[in-house]
Structures are given as C-alpha cells and as structure tokens.
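Engineer: Listed here are the chains, written in short residue letters.
6 protein chains.
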Amino acid sequence: MRTDGREKDQLRHIEIETGYVKHPEGSVLITVGETKVICNASIEERVPPFMRNSGKGWITAEYSMLPRATETRNIRESSKGKISGRTMEIQRLIGRALRAVVDLDALGERTIWIDCDVIQADGGTRTASITGAFVAMAIALAKLQDSKKISSFPLKSFLAATSVGIVEEHGAVLDLNYIEDSSALVDMNIIMTGEGEFVELQGTGEEATFTMDQLHQLLKLGQVGIHELFQIQQQSLGDIVKRFQ
Amino acid sequence: MRTDGREKDQLRHIEIETGYVKHPEGSVLITVGETKVICNASIEERVPPFMRNSGKGWITAEYSMLPRATETRNIRESSKGKISGRTMEIQRLIGRALRAVVDLDALGERTIWIDCDVIQADGGTRTASITGAFVAMAIALAKLQDSKKISSFPLKSFLAATSVGIVEEHGAVLDLNYIEDSSALVDMNIIMTGEGEFVELQGTGEEATFTMDQLHQLLKLGQVGIHELFQIQQQSLGDIVKRFQ
Amino acid sequence: MRTDGREKDQLRHIEIETGYVKHPEGSVLITVGETKVICNASIEERVPPFMRNSGKGWITAEYSMLPRATETRNIRESSKGKISGRTMEIQRLIGRALRAVVDLDALGERTIWIDCDVIQADGGTRTASITGAFVAMAIALAKLQDSKKISSFPLKSFLAATSVGIVEEHGAVLDLNYIEDSSALVDMNIIMTGEGEFVELQGTGEEATFTMDQLHQLLKLGQVGIHELFQIQQQSLGDIVKRFQ
Amino acid sequence: MRTDGREKDQLRHIEIETGYVKHPEGSVLITVGETKVICNASIEERVPPFMRNSGKGWITAEYSMLPRATETRNIRESSKGKISGRTMEIQRLIGRALRAVVDLDALGERTIWIDCDVIQADGGTRTASITGAFVAMAIALAKLQDSKKISSFPLKSFLAATSVGIVEEHGAVLDLNYIEDSSALVDMNIIMTGEGEFVELQGTGEEATFTMDQLHQLLKLGQVGIHELFQIQQQSLGDIVKRFQ
Amino acid sequence: MRTDGREKDQLRHIEIETGYVKHPEGSVLITVGETKVICNASIEERVPPFMRNSGKGWITAEYSMLPRATETRNIRESSKGKISGRTMEIQRLIGRALRAVVDLDALGERTIWIDCDVIQADGGTRTASITGAFVAMAIALAKLQDSKKISSFPLKSFLAATSVGIVEEHGAVLDLNYIEDSSALVDMNIIMTGEGEFVELQGTGEEATFTMDQLHQLLKLGQVGIHELFQIQQQSLGDIVKRFQ
Amino acid sequence: MRTDGREKDQLRHIEIETGYVKHPEGSVLITVGETKVICNASIEERVPPFMRNSGKGWITAEYSMLPRATETRNIRESSKGKISGRTMEIQRLIGRALRAVVDLDALGERTIWIDCDVIQADGGTRTASITGAFVAMAIALAKLQDSKKISSFPLKSFLAATSVGIVEEHGAVLDLNYIEDSSALVDMNIIMTGEGEFVELQGTGEEATFTMDQLHQLLKLGQVGIHELFQIQQQSLGDIVKRFQ
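Protein chains in written order, with this note's numbering: chain W, 2 to 246; chain C, 2 to 246; chain E, 2 to 246; chain V, 2 to 246; chain S, 2 to 246; chain Y, 2 to 246.
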C-alpha cells in the first residue's frame, strides 16, 4: 500500500468543475488529489505573426504556480523578471499536446490561449494541467461553434495525461503525489489520445536508469490511468461529447 | 437604483472563506460581488536586509491577476518580464496598510508575505485584497502564537478597505463594481482601523475634480461600508477575535 | 518653531526659473527650499497606440533623481535595468494630475512628455515636480498656440501641489522638508486646481493613523499653501496667464 | 533510400575530434553529418548554493547556436536579453543526462560546466551535444584524476544519444537530418547508457500520434544507433576507456 | 570663420561652477558653449568585489543625458531597461581616464563614484564630462584629505579632454559643437595630463579616413585646447591646486 | 626576444580559412597565433528602420566569446541577460570600421550582418575579428554581385587591423598576445585601409600615459603589421581581389 493508501495502479480522487471563472470562454478547476489547477481557455481572433495568412489557427499555453501553492513559498516569476526553464518546458509541453488533437484548419485564424494556474500543488501539476485544459478548450470550442464562427467542431480526439514512475518500495506506480515524485527513481509523463495512441512520452531517470521491461510496465499503468481520465472528462463535458465524431 | 440593484450606501455581497489553500499559514478566498481574490499569508523566519538586527518584523505584499480574471485576457507580467506601475502601486499599498496595524516589535525578526491573487475581477480588487489579506494575516499570526514563537498577539487593531466614488447618475456611491468604476468621475480608496481612524486615503479624479463637500459625502459612505466589513471579518475569524485587546 | 525656523503654515522659499534648458518647448527649474527639480515639457506630434484616432491628446510624465540628489548615493535605475515602485507611483501621479486640467480634445492628437529630474532632494520632490511641470506645460502649450497648431489654449485651470503632515512636536504642518518627512506620523499630498477643487488626495500613515479632525487640519493647511503657489506660478508665467479664461 | 542516400537504420558520418580548444579541461568538436558542435567541459572548484556542504559534485550544461549555424540567421539570445524555451529545454536535458552516469560523491564538491556551442546545424544538435559532451567530460575527469584531486574515476557508464523518427515516405528512420526532422510525423530522442538502459526517452508527435508498435520500431532503431556511437566514443577516448570498470 | 564665429583653434566659452549640488563630496556644473554637464563625485568607503583586499581604491563613472538635453527627446535608458552601447563606451572612457591620474594606493580601499549628467547637449559631452569630473574629483579628494582619512593628496597630475575633428569647409578644428560634429569627416577625442602626455586618443572616421599629416594637425590643435582647459580648471580649484606636487 | 620568441615588429602566425561554415554567404576562420575567431557575413534583404527609404545599405556587427575561449570560464551574456560594455564597444568598433570601406549606395537597401565568435582567445580578438570579417564580407559581396543583385562591387578599399603597445621590457611591440596585453603600459588598436589611411585609432594607457614620440613608434609598427595583413587577406580572397579597382 502506498503512503496515501492507494493501489499501485490507482489514480488519486479526481474532480473537474466547469464554469469556474466567469470571463473565459472555457474555465475549469481540476482537482487531482491535493493538486488543484485553474485551467482557462481564451479565444483571440488573430494568430501570432508566424501563422498569419496560413488560414490555420494556433494554440498556446501558459503555466504558473501561485507562490504558496507549495510547502515553501516560491518567488514569483514576474518579480524575478524571467520565466524559469521548468515553466517554459511545461508550457511548451501543454501547447504541443493540445495542438495534436485540434484540426487547426477547422479552427481558422484564431488563437486559443490556455492558462493553467496551479493554486495548490501536490505532484503531477503538468499532467493535471493538460487533462483540465483539454476540457476547458473543448468548452470554449463548443461556444465558438455555437456562435457560428466555425462550422465544424475542431477537436479530433480526446486527450489526457498522467504520470507514472518507479519508486523504491513499490516499483512501478500510477499518478505520483509529491512525496512519491520527489523520491522516484524514474518519472514518466504520458499523454494519449482517446484512440489510445501516444501524443507525447517523456521518461527520465535523473539518478537512475530504466530497462525495456520497466518501460513496458510504466506504459501499461499509464494506459490504465488515462482510460479512467477519459471517463471523468466525458462526464464533465456533458452533451459536448456528442460533437466528437 | 444602481445597475446591479444596490442602494448608494450598500456593499456588494461579501464572503470570506478561510483555509482555502492548504500550505500557507493563513489562506482565505474573499468574494466581493463578482470579484474573487485568494489571499495567502506566509511566515518566513527572517527579514529583508534593511531590517536585519532591528529586532522588528516586516510585512510585504504581492498582488497579481490571472490573465483571464478580466473580460479580455491580459498578458502575464512574468511573460513581459516586468511588473506594471499599477501592480507596484497596489502591492505597496497593501503592505503599507497592513503594517499600520501590526506591532512589528512583537512580531520579532520575521517576514509575513502576503500574496493576493485575483482569480476573477469586477472592480475593487485592491480593497478586497486588503480586507481579505487582513484575515489571512490574523490567522497566520494566531498560528504563530499557538506555536509559542511569539508571546503576545501582534495585531493592534482591525483593518478593512473599500472604495467609494462619484458616478454621473447617482453621485456618491459605495463599493463600485467594474462598470461603475470605469465611468466614475472620482474614485477613492479608504482604509480604516477598527477604531475608526484612517490608515490611508487615496482620492483621484482623472477627468474631474471634487469639492470639499463631495469629499465629506465620500468619507461618510466609506465609514458605513468599512463598519460592515469589520462584522464579516469578525465572523470569519471566530475565536481569534478574542486575541485582540 | 520648526527645525528650519518656519511657522506651521509656512511654505519654504520657492522660485520658478523659466527657460532653464534650451531645447524643450517648456523648461523650468523649480526650487522649493533645498529641493531642486528640472521640469521639461516636450511636444510630440503623435499619441500612444491606445489613443490613436481618438482625436484627443495625451500627457505622460517621467520622474527621476540624479544618483547624488540625496545624502547617500542611489543606484541609477538605468543601471538596475528597472524602475522602482516609488518612481512608477510618482510618474503616474504627475501625469494623472496634469491631465485633469488639460482639455485633451483641444490639444489634438499629440503627446506632451513631462520630464521631472530631481537634481537636489530635500523632501517634497513629487509635489514640487507637479507645481513646476504645470508651468513648463503651460509655456509649451502657449508656444504651440503661437505656432497656430492649436486654435484655443487647452488649459482649463491652474494646478499646484504641496505636502502636509503630522509631526510629533508640532502637529499638522505645511510643506515638509526631508527631516520632517522622514519622522512624520502622517504624510499627505494634496493637488488642487485654481478653482480650489481637489484633483488628488493621498494621505498615508505608515506607523500611525489619523482622525477625521486631523484630516481637516491637514486639508486647511494644504489650501493655504496651494493658494500661495498659484501666485508664484502666475508671476513666472507672465502674459501667458491671460490665456486662461 | 533517404534523401542523403542512407539506409533507414544508418547513422550519418560521425567524427569526434578531441583537444579542439586549448583552454578547457576537456574539449571536442563532434561532427554528425553536417551538424558540428564544440563541446567544452570546464571544472570549477565549487558547487552551486543548493549543493553546498553536501559533499557531492554537480554537472550543469549550457547550449547555444551561432546566429548563422542555420540556413537563416537567428537573433542572438544575448541581444534578446533572454534565453528561449527551446534552449532552456535542451540545456536542462544535457545536464540531466550527464548527471545520470556520474558518481557525484566521487566527484566531490566541484562543478563540471558543459558548454555545447553549435557552429553548424543540420538536425540532431541536442543528441550530438550529449554524445560529444560525454567525451569532453570524460577527458576532463581523467585530467582531474591525474592531478590527484580525486582518487577514483567518477564515470559509472558510457552515455550517448541519438534521434529517431517517423517520416512519411520511409516510416521509422535513425538519426534524422534537418530536412527529415522538419517533416517528421514523430520525433524521438533516446539517451542510453553503455549497459543498454534508458536514461531519457522523449517522443513527441506535434501533428501526429504514434502507436505502441511504432514506439517499438523506434526504440529498436535507437538501440542500433547508440551502440555504434559507443564505438566512436571509445576510439576518441583512447586509454581513458580503461578507467571505466 | 566657423558657424559660431570661432577661429579654428578656439575653444568655446567655458565655465566651471563648483559646489553646484549640496550633497556630493565634489560637485561642479561645467558649461562648454551650450553644453552643460553636472559632474558629481561621491566617495564610498568600500571597493567593488574584484578589488577587495588589494589595499587599493577604485574610480568608476556613470554618464547619462536628460531625455530633452537634445533637440529631439530621447527615451530614458531606465525606461528601456538597458544602457546603450554609446553610454557604456562613454562611462568606461571617463572612468579609465580619471584612474590614470589617481594614485590608487594612496586612495586606499574606497571608491570614487563619478556621475556625469548632461542637462543640455551641444556636442562634446564626453570631453566636457571628463574635464568637469576631474575638478569634482579633486574637490572630493581634498575634502577626504581634510578629514584625515588619507594622509597624502592622491592626484598625480591634472587631466582634461577635448575634441578635435576635420570638417569639410575648415579642415582641422578644435572643440566641435553639435552641428560641426554631426557633419565632421573625422572626429577625435584627446585626453592629456598636465605634463602633456596622452592618456587616451580616439580617432574615428565613419565615412572617411585620415592621413598621418591630418593626424598631426589634429594632435596639435588638441594640445592647444587642453592647455587652456588646465588654466580654467586651476582657477576653479583655487587653493586645492597647491596640493599637487 | 619576446616571450613567444618574436621580434618587436613581428606578427604572430596568421591563417585565414575561407568557407568555414556552410550556411553564411561569407565565412572564415581567422587564426592569429592562438587566437581563433569565426567570422560570418550574412546578407539580409532589408535595412534597420532608421535607414529605410534611404536607398543605402547598412553593416552591423556582433561579437561574442565562447565561455571557455579564455583561461577561466566566463558567464555567457545570454545567461546574464545583458551584453557587457566591453562587448558593445567591440561590436560598435567592428561595424564602424567595415562601413568605412563599403559604398553603401552601391550596396542598396540591404544589411550585412557580421558575426565574430571567438572560439579561442589569446589577445587581439577585436583586431583579428576586423581583419577576418573584412574577408568574410568581401566573399559575401562577391556572391551578391554574382547573383546580379548589385551591379558593381561595393568595396572601396582593403581594411585590416592590428594592435600595438608598450610593454615594460621591450618598449613598443606589434601584435600583443594575452600575456603582453595584460601587462602592457599602453595599448593601441590601429585600423587602416589598403591606401594606408587611418580608419580608427584607439590608444589608451590605463595606469600609464604616452608621449608624442612613443605614439610615433606605435604608429610605425602598426603600419608594418597591417601591410603584412593585407598580403594574407589577398591570398585568401583569390580572384575576388580583381574586383577592387
């Protein structure tokens, strides 16, 4: 049994509250155990310079943590005057992952801004951000379709993410919390589509390495977790689910 | 009657939810109408360089808005790489106001970090921040006293803030929402102690001016509102209220 | 008697030297006791992006101190690579105050840049800046009218500023010098129009608070001082005074 | 046959020239087809603050491209005043990978700085950097051991990296050049130890996804390529190879 | 005759007003024709890190222009958030030149900060800065000696600077004003000691070149001008002149 | 005899390897003793804003050192987030010098970007950069002429640079290496055209001064060295030499 009483292949308790903030086109609060992230999707009627006149849309993400989302207070990146490498890596990952399931031609020349703001952190903030941002984006796109600005629903598939890892006492486990994550030998983030294909796979062992066998165990756990996440996303989306072909 | 049906001297609906985020020593979500601010108070066991060896504590505040707290999305200050003049002004105001009611000698050489993060904005974010931050700080200080790190409760008085202003149709009104605020001729922020004294008074008329008479009307409305805010703060603080002499 | 021998309601010796620097459209050196500020007004034939095609003009101010304007040398903000919160607050205040007395429609789509550079500081630099900048701006606008670029004189009223405060030994006093300012219990900046209306009122008590009674004493002192400043401004403006209706 | 005539499982021509620059403790020029990277390893006799008094060493990497390493000139990051997300991601990856094969206790409280400067780019610059940096680091560590500052050789294993990917016409291929990389459906970087274990695995499909089957093909190709890279690294290291147990 | 009626070998009218600002240890306003620069010298009782424990002092200079020192307004470097290449070049030049005539051992471990702030510019601001800064520094050092912090006067020699150049109509001329400077074919700054030796020589022809003959003419003119500057410096220094051996 | 066995008027061994990097229009590696600089010339079909619609071209240079080009590792300027004064000075010098020999009208509205990246430093990096950059630029311009984008060859003259200085034991010497440079009493950079005229002359004596006599010795040595550099440049340019009239 893990420190919080879960089985190795068991996700933490997950909730996705939609309509969390009133202004954004799509807004959810995703809760994964003690991790809480506000995911807002905003639609802007233009694209960045490098996409102009392409006829295609763009999706870009920003990620931030409140200074006291963590056990000890972190200095704000706005006070430091620059964004850390970790933040950059995460926001590039979120944007890239979401773009994989959007038909950018059907979106047309507009940008979806995804803002993931972690208000409480307990491990797995980047995967929670992706899972929640997908829902916020789907809601925003449904609203866009309702307004007749686009004719078809531009989402090609579902998308969710989770972490898996190898921890000393238990071997391969699903959905690591902060304590597990900070002592894990291997840490892997898996992002998959509703069709069960990989969008991104990032496995790393800072002080350890992993074998092909261990890789397989991790991938299997990830598939189990992501399948469950799809259920929760579908419930939170209600009728919007029908717009996916 | 005002756009949202209130009387001229009526506050919006206000709620203060304590224990909102788990890590900070004090954490509240304050809701003032449609304005929502997370106020976290963190205690750090050291002071900034200019206060070292003074035997006194320090209180410093940071303020930020989520990009989509507002009707249109704002660029993050961390992405811009610098903090705007407006943000600086607000966080200096919050810190200064809170310091006015804390016995810095009784606090000892430690810093209270106040983080006010606006997740939804509809006018009055700076006064909501101060009113909420006071509660978060009181909770953090009670915890500090419970841990025996300080012997006496270092709060000298209650502190709350509200805005008043002059709007074209109604004249002087209390607690402006965003629509009122953006068309107000005069805008004034009032911060007062539980003893009914002023801590700070900031009145400004960008395209208008105001007379001594109007000033008096505004001050009177402010006193009414702040008195009510003290009631709500007291309810949210429960037994901690008894620690004030 | 105060440290420099003044009465409680007595301003320091004030001089406004016009034509101080040759290039700007308006340029004055204002001396308030030992405080000296160069105030330059420059006219630019365009407005910032957010004002384009509005048909209206804009006024913006920048404020800076020479590193050795003060007793100990300050690091230049250009060397630090960023502007301090204090500087931002002051330059926002100067711009906002001046805009209150300018008819921006009559100004047309042009910007007046106000540069206030403190070469020697002894308290009251922000109010001296406003009082001096008003004169520099009036001169620049007269020149603009002489050149036929605008048909009417766009100043609606006079504008001056002073500080008042409560100091331990003397109670409420007018026009604080640096020594008084640094030990003041309450510090208030008052900006008024020639018609005797308030443009801005900023009162703050960092380690103290103030009552309604004290507020009234401070406002009264401020009115006395500002009335005198108007006389000095008028003398320095000469015939330009006639352009005000 | 691929655009440059290679088989699907064939690396480009690879050379590792040691002693390229005279000052660094270890310096190589690695050439992978038309990609050329100078990899320098510098030893500093202290560690960053977060490692002090741990008794352990640290390895940190920086990565940069000459502005004209690419077909069109890029703006220098020093001129922009900030490092791009891509650069941050790459330098974090290089440092993390190298740390996986170093016994940081045996290294003692010193830092190895790895500088990877791409002078000509044709795809695969990050994997070339890792493969080359490993050799530069091994040389620097051998020199450190020769100087008696450390008693044992702190490298636990060999380390090399390559890229694999899925391209439209050929399916899974090894060691993508720039043309292949820019049209690849899936792109994966694989970093492995001399023992054949994974250190890092990063697979991404921006406009595509990949199946478990495809993942296996890619991993197999990667293993083939990395095995060959170990041969080339060994030749370039000469007698230093004997220091590995 | 030149545009302002001067002979080819004639300096503009020069004045050095001492005691211009009250706080600095040394302060002068130097006027060279229409160019006006405030030169302040501040003494700090410590040296930068790279000089610590050397027993020697250091001299460092900063240079800035008020935004409207020139015909058209320049953006402040503090607003831009960085110092231009031109400013850096000038402040490095001023510091280097002054260090050439100071006995840094006799100064002891303290720093002299030189601040040159141009309030009105009409060509030759960098040479005026050096000539004025020398006087401000001499006054500050005399004060330091009077306070018994140093036993001997640490200035080894006088130091002054001027510009010479080749202009189309007149050939080689001394002390160029802005109009001459902006059309000059060759521009040269000469810095010399009281003993008639060169400290720095910077000649440049952006769109032209110059021969050895022209170089000689320029050097001769420079010597004439600098000799005259020494007279003016001596008058402004009064009795301090006697401290030079 | 000097530390490296050279005569006082002897250059170090110099090589100019053309076609060093494949992407730039002109690319050389210049080796001056142990100093090695990659000089790339890139042609961009537009000019900076201040040159638009002038019909003229522009030349701009950037200079950088690899962190470990020197004996001890330097922090990257991209990591520091700003460019040092020394770098700015050097890149301004390189651009200014090259512009002196280019017919900017004949170049037309395009920019030549010069990138000088020092991969190994042993003194004289700025003069080596100019000498090498001239060759890279000539090659790029020949290519531009071959492509028929310009009708005439826009180079008016050859250009080369060297350093001379006064060192304690030997007096005036040519082409100082790092050891000589760091102990030199006087250091002078000389840039000349193929016609033997000066483009720029920068002589400085930080802790020493120099007489008119010494100046003459230095200039004479510089002429000797630059004459030799022209021979080497001509050999590396081959047939391109014929394009100069």
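Quick caveat, the hints were computed from the structure, so don't treat them as lab data. All residues carry an ideal CB built from backbone N, CA and C; glycine is no exception. There could be a bad hint or two in this list.
Using 30 Å as the maximum straight-line C-alpha spacing, the simulated DSS-like pairs for lysine-lysine come out as follows [what the hints assert, rightly or not]:
1. W:23 - W:221
2. E:83 - S:83
3. C:9 - C:243
4. V:23 - W:81
5. Y:243 - S:81
6. C:243 - W:83
7. S:149 - E:83
8. Y:9 - V:23
9. V:83 - S:81
10. Y:81 - V:83
11. Y:150 - Y:221
12. Y:83 - S:221
13. Y:221 - Y:9
14. W:81 - C:83
15. Y:83 - V:83
16. Y:150 - E:83
17. W:81 - C:221
18. S:83 - E:9
A few chain S residues that don't get close to chain Y, going by computed Cβ distances all over 12 Å [stated by the list, open to error]:
19. 92
20. 109
21. 152
Engineer: For every hint, state whether the structure bears it out.
Structural biologist: Hint check:
1. At roughly 38 Å between alpha-carbon atoms, residue 23 (chain W) and residue 221 (chain W) are farther apart than 30 Å, so this suggested pair is violated.
2. Pair hint residue 83 (chain E) plus residue 83 (chain S) holds up; C-alpha atoms about 8 Å apart against a cutoff of 30 Å.
3. Straight-line distance between C-alpha atoms of residue 9 (chain C) and residue 243 (chain C) comes to about 33 Å, which puts the hinted pair past the 30 Å bound.
4. At roughly 37 Å between alpha-carbon atoms, residue 23 (chain V) and residue 81 (chain W) are farther apart than 30 Å, so this suggested pair is violated.
5. Proximity of residue 243 (chain Y) to residue 81 (chain S) is assessed by CA-CA distance (about 46 Å); at most 30 Å being required, the pair is judged violated.
6. With a CA separation close to 44 Å, the supplied pair residue 243 (chain C) and residue 83 (chain W) exceeds the 30 Å bound.
7. Our distance criterion of 30 Å between C-alpha atoms is broken by residue 149 (chain S) and residue 83 (chain E), whose separation comes to about 38 Å.
8. Simply put, residue 9 (chain Y) and residue 23 (chain V) have alpha-carbon atoms about 26 Å apart, close enough for the 30 Å limit, and the pair holds.
9. Of the supplied pair hints, the one linking residue 83 (chain V) and residue 81 (chain S) holds, its CA atoms being roughly 15 Å apart against a limit of 30 Å.
10. For a cut-off of 30 Å, the pair hint linking residue 81 (chain Y) to residue 83 (chain V) stands: about 8 Å separates their Cα positions.
11. The hinted pair formed by residue 150 (chain Y) and residue 221 (chain Y) fails the criterion: a straight-line CA distance of about 41 Å is larger than 30 Å.
12. Taking the CA atoms of residue 83 (chain Y) and residue 221 (chain S), the gap is about 40 Å. The hint is violated against a cut of 30 Å.
13. Between residue 221 (chain Y) and residue 9 (chain Y) the alpha-carbon distance is near 12 Å, which keeps this suggested pair within the 30 Å criterion.
14. Note on residue 81 (chain W) and residue 83 (chain C): the hinted pairing holds, with a Cα-Cα distance of about 8 Å set against a maximum of 30 Å.
15. A distance of roughly 8 Å separates the Cα atoms of residue 83 (chain Y) and residue 83 (chain V); the hinted pair therefore holds under the 30 Å criterion.
16. This hinted pair does not check out: residue 150 (chain Y) and residue 83 (chain E) have alpha carbons roughly 44 Å apart, beyond 30 Å.
17. With a CA separation close to 41 Å, the supplied pair residue 81 (chain W) and residue 221 (chain C) exceeds the 30 Å bound.
18. Only pairs whose Cα atoms come within 30 Å are accepted, and residue 83 (chain S) paired with residue 9 (chain E) is rejected, the gap being roughly 44 Å.
19. At the 12 Å boundary, the C-beta of residue 92 (chain S) falls inside the reach of chain Y, the nearest C-beta of that chain being 8 Å off.
20. Listed as a non-interface residue, residue 109 (chain S) keeps its Cβ farther than 12 Å from every Cβ of chain Y; the least gap is roughly 17 Å.
21. Non-interface call for residue 152 (chain S) relative to chain Y: holds, since the shortest CB-CB distance, roughly 22 Å, exceeds 12 Å.
Against the hints set out earlier in the document, violations occur for numbers 1, 3, 4, 5, 6, 7, 11, 12, 16, 17, 18 and 19.
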